[in-house]
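Q: Each protein sequence line maps, in turn, to chains A and B. By this note's numbering, the letter at position 260 of the first sequence is numbered 260, and the numbering carries on one by one without gaps. By this note's numbering, the letter at position 9 of the second sequence is numbered 1009, and the numbering carries on one by one without gaps.
Each statement offered as a hint is correct.
Pair by pair, the computed Cβ-Cβ distance ranges are:
| id | chain 1 | residue 1 | chain 2 | residue 2 | range |
| --- | --- | --- | --- | --- | --- |
| 1 | B | E1006 | A | L245 | 40 to 50 Å |
| 2 | A | I284 | B | K1064 | 17 to 27 Å |
| 3 | A | Y343 | B | G1056 | 23 to 33 Å |
| 4 | B | D1003 | A | L289 | 27 to 37 Å |
| 5 | A | L245 | B | S1031 | 49 to 59 Å |
| 6 | B | T1007 | A | E191 | 30 to 40 Å |
| 7 | B | K1028 | A | M3 | 55 to 65 Å |
| 8 | B | I1060 | A | M347 | 22 to 32 Å |
| 9 | A | K286 | B | K1064 | 14 to 24 Å |
| 10 | B | G1056 | A | A247 | 56 to 66 Å |
| 11 | A | L135 | B | D1003 | 54 to 64 Å |
| 12 | B | E1063 | A | V131 | 41 to 51 Å |
| 13 | B | S1061 | A | K286 | 17 to 27 Å |
| 14 | B | G1056 | A | F151 | 38 to 48 Å |
Straight-line alpha carbon distances no greater than 27 Å define the calculated DSSO-like cross-link-like pairs of lysine-lysine that follow:
| id | chain 1 | residue 1 | chain 2 | residue 2 |
| --- | --- | --- | --- | --- |
| 15 | A | K286 | B | K1025 |
| 16 | A | K206 | B | K1075 |
| 17 | B | K1064 | A | K278 |
| 18 | B | K1025 | A | K41 |
| 19 | A | K41 | B | K1064 |
| 20 | A | K41 | B | K1036 |
| 21 | A | K205 | B | K1064 |
| 22 | B | K1028 | A | K41 |
| 23 | A | K286 | B | K1036 |
| 24 | A | K286 | B | K1028 |
| 25 | A | K205 | B | K1036 |
| 26 | B | K1036 | A | K206 |
| 27 | B | K1075 | A | K41 |
| 28 | A | K41 | B | K1027 |
| 29 | B | K1064 | A | K286 |
| 30 | A | K281 | B | K1023 |
| 31 | B | K1036 | A | K278 |
| 32 | B | K1023 | A | K286 |
| 33 | A | K286 | B | K1027 |
| 34 | B | K1023 | A | K41 |
These aren't lab readings, by the way, just hints derived from the structure by calculation. Just so you know, even glycine gets a beta-carbon here, dropped at the ideal spot from N, CA and C.
Below are the chains, spelled out letter by letter.
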Amino acid sequence: MAMEFLYMLIVGLIIGAIFGFILQSGRFCMNSAFRDIILLKEFKLAKAVAVSLAVLAVGFAIFAFSGIVDLAPKAFKPWSAIVGGLVFGFGMVFAGGCASGTTYRVGEGMMGSFVAAIGLTVGALMTAGGVLSDLSIMLKSITVGTQLTLFGEFNAAITPIFMLIFGIVGLVLMFFFWAFPAIKKKIDAKEPFIKFDNFVESTFKKGYPWWVTGILIGLILTAGFVASNGVIGITGGWMNISGWLTAGEFSVTGGLAWSGFIIFGILIGAMVSAIVAKEFKFRIPKDGLTVLKQFFGGLLMGFGAVTAMGCNITNILGGIPQLSLHSIITGACIMFGSWIAAYLLFMWRKD
Amino acid sequence: MVDINETLDCTGEVCPYPDVRSKRKVKKMKSGEVLKVLVDYPLSAERIPETMESLGHEVISSEKTGTSAWEILIKIK
Chain A
1 MAMEFLYMLI VGLIIGAIFG FILQSGRFCM NSAFRDIILL KEFKLAKAVA
51 VSLAVLAVGF AIFAFSGIVD LAPKAFKPWS AIVGGLVFGF GMVFAGGCAS
101 GTTYRVGEGM MGSFVAAIGL TVGALMTAGG VLSDLSIMLK SITVGTQLTL
151 FGEFNAAITP IFMLIFGIVG LVLMFFFWAF PAIKKKIDAK EPFIKFDNFV
201 ESTFKKGYPW WVTGILIGLI LTAGFVASNG VIGITGGWMN ISGWLTAGEF
251 SVTGGLAWSG FIIFGILIGA MVSAIVAKEF KFRIPKDGLT VLKQFFGGLL
301 MGFGAVTAMG CNITNILGGI PQLSLHSIIT GACIMFGSWI AAYLLFMWRK
351 D
Chain B
1001 MVDINETLDC TGEVCPYPDV RSKRKVKKMK SGEVLKVLVD YPLSAERIPE
1051 TMESLGHEVI SSEKTGTSAW EILIKIK
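Next up, chain B with everything else stripped away, as it sits in the complex (with noise of 0.2 Å):
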């Protein structure tokens, strides 16, 4: 299991503000500080993990975790 420094929920909130929030949210975290992030939108959960690669943080798991709610896990670089 990883330690989860911080939760970030946004569930029931349509695009872009999952990805916003969470783009703004990693920036405010330090480095190797692991953010799990609640999702029950499916285009941001597909891009969250894409968007935060893209940045260089690393997607340690992106999992569907029921109908239509996902639970991302990313750690800081």
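Okay, chain A solo, but in the shape it has when bound (with noise of 0.2 Å):
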């Protein structure tokens, strides 16, 4: 599909604006979601990921039942995604981000994951097209069924049923569990439930809390998803930049695209937002050693997106709402991937 260049340069900047503005005050990073889990027993910003799930799991079906945007869940690779979601997340933990977290951390000013964010664009090309394209095309030779989701094979018209069932389910049990008690709390103590008169501060000024994060989330990657019909991808848009920067060409075919503003967005938006909570500055790891290990982590989550056909936005917030089983598998993965590598780094030596 192609799409005006002015349309992808406008769009594109303002959806990857308003995206990377709410991963930056949500501090929305799937590695710490995860990585968290079993580290610092920290839960919030994995439940962010699962209330953005359910959301856009609601938002993709509403869309598609209006048929506005086609649902296209990926076949399922076992092996491309097992290995590829390993790998993602083990490197995850090392780059000290996901594709969205590393990303928008560049707009905070982190140096470091500028470096991890090339070192995603590396891995990512030396897996497209370079020497370890071979390994990649191998691992993604054997497909399962045809897009196979949860509840069996793909079907435009029935998918979407289970994918509103699974996000309002999940939205009910989630606010039964997670934020009635809570709620509870505050009704016992008498607390306003939301407090009106610091609107302008809590949004532009303090980190979020998780539901909003993650409801946030949910409502602008549907907006991705309808405004270029396609689901948002990290990786993708950093190959866009480097490919564009390398052959300089500013034009639609083999130029900055659609994925590429994305990413040129979320800069921009992570950038004002840490200015305006004054919380923008130029960071270097004092470590060098540190920097390298992100260089090196972010080579393997290069090598990990490419081959589960996606990163985790890609695969996690955009396909598991399509109950793809191979975005399923990959999410599982990467989680997997990130506890191992979580394990090695900071828990096997116990001082």
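Quick one: dock chain against chain with the hints and give me the complex.
A: Following this line, the structure appears as structure tokens:
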């Protein structure tokens, strides 16, 4: 599908910028979310991911019903999902951020994350067309079914119904188990549920609570799906920018495209959010080894993302709401991969 | 003013390093001692006080001292 260049430029930048603003304000990073389930026993970001998945399932289903978007769950390639997911998850702990987390941190002025983003791009290019491409193609060679979802083969009329049920049941359960106890506590303590007097302060100056982040991420990525009739990806965007930089062609073919503008948008949005909250500063890890680790982690993520046919945003936030079996397995493997790396890096040595 | 026994400088580090390092540091300190943690990473600045409280330590203060700079004072339980 060819899009008008001006449309990609304007809409891509706007959607990317809002996404980047929310990522920074919500500190939305799946690396932190998954890793800290075992490392710090901290579940807030994991809950934000869960909320966004349910909102996205409902959002995608509604627009699929109205015929505005075409759902396209990925084909189930077991080896690509398992190996790509594990390597991606393992790499993101070293990189200090998932694909989206790394990108928004570049906008915050974190130079270590910029190095990780370069690693991600190099790793992805090496896997898409370089020395690692044979391995990646081999892993992708086995396909089970055509577009297998959690509830059988994809069917444009039936799958959205399952998505709607998945999303609504998820939202109800999360409200009941996670939100309700907190609300009850507030009512018992006679605290106002939402403080409107500091709305500006809490919207622009402070980190968002997990449920706000989850809902907003769900809404903006639904908007992104509607605007481009496809899920948003991060790795492809960095590859697009690198292609544009090396070829120097500012045109639709071979030049900067939708995915690249999304990245520029995220960088701008995260930077604005960080500046407004007085959190923008150029920071570089004091230890050179950390920077090297982040580059290495980025390389692994690049390999993982291309092999699994998508980074954490494409697979987890784009594919799981469509109930794609490939994306569900990839997502689970990204989580396991991050646990293995967290164990090796931080928990193995008991000191 | 509180007497600060030890200072942990985590500036320039992204998560989970500030979180993990401060957790390890408090384990080695004695009861009643005060640790000062310096961070310039927003997520850790929000989380370290929460983690410390859940571990039972007292968070004396958590202040934003400048652009993306925080100072957290923790009294070991």
